[in-house]
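Asker: Spelled out, the chains give:
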Amino acid sequence: MSATDLELTDLYWLMDMLQSIDVGLIVVDRGYQVQIWNGFMANHSGIRPDRVIGRNLFAAFPDLPREWFSRKAESVFLLKSRAFTTWEQRPYLFRFKNYRPITGPAEFMYQNITFIPLVSADGAINHVGVIIYDVTDTAVGKLELEAANRQLEALSRTDRLTELNNRGYWEECLRQELLRVRRTNRPSTLIMLDIDHFKKVNDTYGHQAGDEVIRQTAATLRRSIRATDVAGRYGGEEFGITLVDTRADDAMVLAERLRRRIEALEVAYDGQTIRYTISLGIAESCEGITDHAQWLERSDQALYRSKQGGRNRATIFQE
Amino acid sequence: MTTRILICDDSSFARKQMARALPADWAVDITFAANGEEGLAAIRSGKGEILFLDLNMPVLDGYQVLRRLASQDLQTKVIVVSGDMQPEAHKRVMALGALAFMQKPIDPAALAGVLDRHGLRGTGAAAERAFDVQVDARDCYQEIANVAMGRAADLLARLLDAFVIMPIPVVNMLEPTELHMALDHVDGRQAAVGVCQGFIGSGIAGEALLILNEASLPDIADLMRFKGELNDGAQVELLMDIASTLIGACLKGVADQLDIKFSQGHPQVLGRHIKMGELVRRNAARWRKTLAIEMACEIRDRNVNCSLLLLFTEDSIAPLNELVSYLND
Numbered sequence: 106m107s108a109t110d111l112e113l114t115d116l117y118w119l120m121d122m123l124q125s126i127d128v129g130l131i132v133v134d135r136g137y138q139v140q141i142w143n144g145f146m147a148n149h150s151g152i153r154p155d156r157v158i159g160r161n162l163f164a165a166f167p168d169l170p171r172e173w174f175s176r177k178a179e180s181v182f183l184l185k186s187r188a189f190t191t192w193e194q195r196p197y198l199f200r201f202k203n204y205r206p207i208t209g210p211a212e213f214m215y216q217n218i219t220f221i222p223l224v225s226a227d228g229a230i231n232h233v234g235v236i237i238y239d240v241t242d243t244a245v246g247k248l249e250l251e252a253a254n255r256q257l258e259a260l261s262r263t264d265r266l267t268e269l270n271n272r273g274y275w276e277e278c279l280r281q282e283l284l285r286v287r288r289t290n291r292p293s294t295l296i297m298l299d300i301d302h303f304k305k306v307n308d309t310y311g312h313q314a315g316d317e318v319i320r321q322t323a324a325t326l327r328r329s330i331r332a333t334d335v336a337g338r339y340g341g342e343e344f345g346i347t348l349v350d351t352r353a354d355d356a357m358v359l360a361e362r363l364r365r366r367i368e369a370l371e372v373a374y375d376g377q378t379i380r381y382t383i384s385l386g387i388a389e390s391c392e393g394i395t396d397h398a399q400w401l402e403r404s405d406q407a408l409y410r411s412k413q414g415g416r417n418r419a420t421i422f423q424e
Numbered sequence: 621m622t623t624r625i626l627i628c629d630d631s632s633f634a635r636k637q638m639a640r641a642l643p644a645d646w647a648v649d650i651t652f653a654a655n656g657e658e659g660l661a662a663i664r665s666g667k668g669e670i671l672f673l674d675l676n677m678p679v680l681d682g683y684q685v686l687r688r689l690a691s692q693d694l695q696t697k698v699i700v701v702s703g704d705m706q707p708e709a710h711k712r713v714m715a716l717g718a719l720a721f722m723q724k725p726i727d728p729a730a731l732a733g734v735l736d737r738h739g740l741r742g743t744g745a746a747a748e749r750a751f752d753v754q755v756d757a758r759d760c761y762q763e764i765a766n767v768a769m770g771r772a773a774d775l776l777a778r779l780l781d782a783f784v785i786m787p788i789p790v791v792n793m794l795e796p797t798e799l800h801m802a803l804d805h806v807d808g809r810q811a812a813v814g815v816c817q818g819f820i821g822s823g824i825a826g827e828a829l830l831i832l833n834e835a836s837l838p839d840i841a842d843l844m845r846f847k848g849e850l851n852d853g854a855q856v857e858l859l860m861d862i863a864s865t866l867i868g869a870c871l872k873g874v875a876d877q878l879d880i881k882f883s884q885g886h887p888q889v890l891g892r893h894i895k896m897g898e899l900v901r902r903n904a905a906r907w908r909k910t911l912a913i914e915m916a917c918e919i920r921d922r923n924v925n926c927s928l929l930l931l932f933t934e935d936s937i938a939p940l941n942e943l944v945s946y947l948n949d
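Residue numbers (the numbering used here), protein chains in the order written: chain F, 106 to 424; chain H, 621 to 949.
Derived by calculation from the structure, the hints in this document are not laboratory data. Fair warning: this is a prediction, and the values are worked out from it, not measured in the lab. There's no promise every hint is true.
[Unchecked claim] Selected chain H positions facing chain F (in silico; Cβ < 7 Å):
no.	residue
1	E827
2	A869
3	P887
4	L931
[Stated by the list, open to error] Distance condition first, Cα-Cα at most 30 Å in a straight line; then the derived DSS-like pairs of lysine-lysine:
no.	chain 1	residue 1	chain 2	residue 2
5	F	K202	F	K247
6	F	K202	H	K909
7	H	K872	F	K202
8	H	K847	H	K881
9	H	K667	H	K697
10	F	K202	H	K667
Cβ atoms here follow ideal geometry from the backbone N, Cα and C, with glycine treated the same way.
The following block holds chain F by itself, in its conformation from the complex:
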C-alpha cells in the first residue's frame, strides 16, 4: 500500500497500530521537538504524550545522552540513511524498568535503537524516527551464555586430580611461550619430570594411594615454583614446568630443590608411609627449536638420561 492509497479513515487504524505496537516510537523534528510519542514510550516512561509532544526532547529528558543522540540524528538528516545502535555498545537510551520487574533477570530494559530518516511530502528530510526495541531477553541470554562459557573454559583448563593446568592448556601455554621466546630472544627453560617406579607405588599401595602421591607431588611442585612459572600435568605421573625468562642453569637450581623436597616427602596413606623420588629433564629453548614438540622432545631426552643414570636426579639436555 503506498501513501497515496491511504484514505483518512485508514489513518485511524494506522495510528492505533503505531500506538499499540510493542516497540517504542518517537518522531522528532530538526529542533528535536517531539512529534510522536507512542503508547510504549508513554507507558514505560510514565510520561503521557500530551506532556511531551511539542517539547524539546532533551528538555523533557535531561538524562538523555544529548551529544551522542544529536550526532546520530544529524547524520541521519545529512546522509538520509539509517543509523543503528545495539545494546552491546550502549545498553539503553531511556532507562526503563525491565518489562518483568519482579521475575525479570535484568534491572533495566536493554534496548536496540534504530534512527530512520522520514521523508516529507516535499521530499525533504525534516523528521527523524527513533525506534526502540526491548532486547532484554536476548541480552540477558547472551550475557548468561558468555558467563557460562567462561566458567566452562576455566573448568576445562584444570586437571581435576591435581588442580594444575591440564595437558591441553599447558601445552598451549608452552606453544605461546615458544612464540614469545622467538620474538624477544630471551631464553626460557622447560622441565619435564616423572615419578620414579610409579607402577610399583600403585601395585604396592593401590591406585588411590597412587592418586595421593600424584596429588602430593603436584602440591610440592606448586609450592616450589615461582609465580611466573607455568606447571601442568602432562600425563599419568608426568609433569611439565615452563620457566619463563630462565636459563637452564637456574632451572637446575629449582629442579634440584624440587627433587630434594620430594625425596624428603612422606606421604601418609591409610596408616602407611610412602616415600618416593622423581627424575627430571631440563631443556633450554634455542634457535634450533621451531615448534614446541621439539622442545618437549629435548627435555624428554634429558629425563631419559636421568632415568638411565639411576633415577632421583636432574639432567640438562646436551646436543
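Based on the hints, put chain H in the right spot on chain F.
Answerer: Chain H in isolation, oriented as in the chain F frame:
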C-alpha cells in the same frame, strides 16, 4: 412511598458502587449485608423489597440465597449483580427466580433501564440519601480483581464451552521470601507449567503469572477439541492460548476499570526450563514488597486447575491507590 432496598455483597467497595448507582430521584431506604446469611436476616426483618445480590460471597453465596428465598417463601425482587458473567451463571440465577442479571461494575444507565422495565422505580420524590460505607484499598483491589477475573472467566468459558468456577481473589503484600514460598509450593505440589507476562502503564508496572497444573493439559486439549498427539509443542500452544485469554482479559478488565491502558511485553513460558521458585530467587535482592492478587479458577467436572497472579511493584502502589480513589469518591 419509600422503597426498601437491600444490597448484599461481601465487598464494601461494590456495596458503595451499587448504592451510588441507584437513580438519584428514587426515594429509597438502603440496608447493606456482607454475606448471604446477613442478607436473609435483613429480608426476614422486612428490609428488602428489592434485593441487589452478588453471587461470589463467603458464608452463603448468591445461588444459596436464591434457593433459601424460594424454600422459605421469602418475598423479594432479586436483581443479581455479578462479576461472574458466564452465560451459565445467568441462566442459573434466572431459573432460581431472579428478575434480572447485571454485570459488575454496575452501570447506572443500565440499572435505570432494568428498574423501569420491571416497573420497580416508583414515582417517589427525590430523596436526600445518606449512606456511610468505609472502603479500604485492599477491598477495592479485591473487587477490581473480582470483576476483571469475571470477564476473563467468561471468555475462558466461551473458549472451552465449560463452566468456570472462580473463588474470591486474595490480596496480599508479599516479600520476596513469601512469594518464593508460594511459588515453590506450586513447584513442589505437582508438575506445573506457567506463563509470565509483564505489563506497564500510567506509573503501574507488574507481571501477570499464570500457573497451570500440568495434569490439566489433557483436559484442556479435550475441551479445545485438539486433535493429534499432545507433544511438547502442542502443550505450549495450548498453554499460550489459555494464558492469552486469561491474562489478556484480566489485565484489560483491570485497566478498563481504572480507565488506563497497559503495554504488555511478550509472554514467557515457565516451568519447562525455569523452575517457578528460581524466578524469584534470582533477583529477590532488587525488590522488597509486591502487591499480589491471586485469582484461582477451575473448570467444573474437569481436572483443570490454574491460578493467575497479578504482581505489582512496590512503586506501583501509590499511583494505583490514586486511581482507585477516583473510583471511590
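Asker: It remains to establish, for every hint, whether it holds in the given structure.
Answerer: Each hint tested on the structure:
1. E827: holds (5 Å)
2. A869: Since the shortest Cβ distance to chain F is 16 Å, the answer is violated.
3. P887: Check failed: Cβ of P887/H comes no nearer than 10 Å to chain F, outside 7 Å.
4. L931: holds (5 Å)
5. K202/F <-> K247/F: Cα-Cα ~19 Å, so holds.
6. K202/F <-> K909/H: This hinted pair holds, its Cα atoms lying about 16 Å apart.
7. K872/H <-> K202/F: Between K872/H and K202/F the Cα gap is close to 21 Å, so the pair holds against 30 Å.
8. K847/H <-> K881/H: Roughly 37 Å between the alpha carbons, so the hint for K847/H and K881/H is violated.
9. K667/H <-> K697/H: holds (12 Å)
10. K202/F <-> K667/H: Cα-Cα ~53 Å, so violated.
Hint compliance for this structure: hints 2, 3, 8, 10 are not met, and every other hint is.
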